[in-house]
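A.B. asks: Keeping their order, the protein sequence lines are chains A and B.
If you're matching positions, the first sequence starts at 27 in my numbering and goes up one per residue.
If you're matching positions, the second sequence starts at 654 in my numbering and goes up one per residue.
Check the hints yourself; a few may be wrong.
[To be verified] Calculated lysine-lysine pairs in the DSS-like style (CA-CA distance at most 25 Å, straight line):
(1) B:Lys784 / B:Lys857
(2) A:Lys32 / A:Lys123
(3) B:Lys686 / A:Lys123
(4) A:Lys123 / A:Lys35
(5) B:Lys686 / A:Lys32
(6) B:Lys784 / A:Lys35
(7) B:Lys683 / B:Lys784
(8) B:Lys784 / A:Lys123
[To be verified] Rough simulated footprint, nothing fancy, chain A against chain B, three-plus residues with beta-carbon under 8 Å:
(9) 658 to 672
(10) 696 to 704
(11) 745 to 753
(12) 770 to 776
(13) 786 to 792
Honestly, the hints are just simulated from the structure, not real lab data.
All values reported here derive from a predicted model rather than from experimental measurement.
Every residue gets a Cβ at the ideal spot worked out from N, C-alpha and C, and that includes glycine.
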Amino acid sequence: MSVLVKYIKGRWVLLSIVVMIIIVLMSPLFSYAYEPLDYVVEQFNAVEKQIYEAPMPDYIIPALGETAISGILAGIIGVFVTLFVCLVLGYVLRARKAEGTS
Amino acid sequence: MHIPDGYLDVWVLALFFALTVIMLVLAFRKANKIVEDRHIPLFAVLTAAVFAAQMINWPVGPGGTTAHLVGGALIAIFLGPYGGLIAMAVILLIQAFLFGDGGITALGANIWNMGVVDCFVGYYLYRVISKALGDTPRGKIIGAFFGGWIGITLAAFFCGLEIGISTIFPYNIAVSVPVMTIYHCLLGTIEGLITAFVVGYTLKVRPDLLELPKINPP
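So here's chain A without its partners, still in its complex pose (with noise of 0.2 Å):
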């Protein structure tokens, strides 16, 4: 783990967390989701066909119901899962570069 801090320390890189995490916080104000492929759907009545039930639904953690701050958290979850899967991908990345090279 803190062989990836090392990645995050940078000013512009904290700054940047910053910013994601207050557009997350704006997300509730712009949640309206009705894309031009919804509309294509509508079109035909076709149906959606579920074959994995999701941890957080629709951005949404069941425990807190369809609330704006579960939508805040779960967005905050996903950036956070998202920087760290990068991360380590990354560094794994890296590394094999230096296996390669050596």
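Mind docking chain B on chain A? Use the hints.
C.D. replies: Just chain B, lined up with the frame of chain A:
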């Protein structure tokens, strides 16, 4: 633009799954040779930022439709098209498995549209336009605008194509392709503006971030 489970025929799922796997194998092979320490924070921050930005929908489309940033072109401009593809694959996997946004069986098609098409079209259009305009900051900003705009429009074209050739949509391609492409062509101007703004701001404060070695096809 996230296609859920149940909308695509099995052969369409299989075709785009196979094409996406091939592209991801090529991308990881190249990334193994390119990624350095300085790529890692940028890769992580850009990917997480696009994840966050995709939660914001702008309601300005025809017929009351909304759209969100896709962001493939934006990431590709910084990291190269293969770098963008890997980042978009991470986002789409997290969205599908953690939030049920986009189908599990449709992951191949979704990564193809928003990872391969958006990143490659967006990046190469950016390169061609900025080079044609003398690689000036202005040229790069204009290139980023068109990369972001046309990238999302062609990604939507592929999305319309995939659902249009699937038998669940009986009136097919003649409706799905024009609706997806034309609507996203209009909504995508905002994607272009956001891409251009981020590139322009980066050129002002940290131009070195745009000069990192790109994860490109050979």
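A.B. asks: If a hint holds in the structure, say so; if it does not, say that too.
C.D. replies: To see whether the hints hold, each was checked on the structure:
Taking the CA atoms of B:Lys784 and B:Lys857, the gap is about 19 Å. The hint holds against a cut of 25 Å. Between the alpha carbons of A:Lys32 and A:Lys123 the distance comes to roughly 19 Å, so the proposed pair stays at or under 25 Å and holds. Between B:Lys686 and A:Lys123, the direct Cα distance comes to roughly 5 Å. Compliance with the 25 Å bound is thereby established for this hinted pair. Distance restraint check for A:Lys123 and A:Lys35: the Cα-Cα separation of roughly 23 Å lies within the 25 Å cut-off, and the hinted pair is therefore satisfied.
Distance check on the hinted pair: B:Lys686 and A:Lys32 sit about 22 Å apart at the alpha-carbon level, within 25 Å; holds. The hinted pair formed by B:Lys784 and A:Lys35 fails the criterion: a straight-line CA distance of about 34 Å is larger than 25 Å. For the suggested pair B:Lys683 and B:Lys784, the alpha carbons sit about 24 Å apart, so the restraint of at most 25 Å is met. With a C-alpha separation of about 30 Å, the suggested pair B:Lys784 and A:Lys123 falls outside the 25 Å cut-off, and the hint is violated.
With 3 residues carrying a beta carbon less than 8 Å from a beta carbon of chain A, the region 658 to 672 of chain B meets the three-residue requirement, and the given coverage holds. Look at the region 696 to 704 of chain B against chain A: 7 of its residues bring a Cβ nearer than 8 Å to a Cβ of that chain, three or more, so the hint holds. For a cut-off of 8 Å, the count of residues in the region 745 to 753 of chain B with a CB near a CB of chain A stands at 7, and the three-residue condition holds. Counting residues of the region 770 to 776 of chain B whose C-beta sits closer than 8 Å to any C-beta of chain A gives 0, which falls short of three, so the coverage hint is violated.
Restraint check on the region 786 to 792 of chain B versus chain A: 0 residues with Cβ-Cβ distances below 8 Å, three needed, restraint violated.
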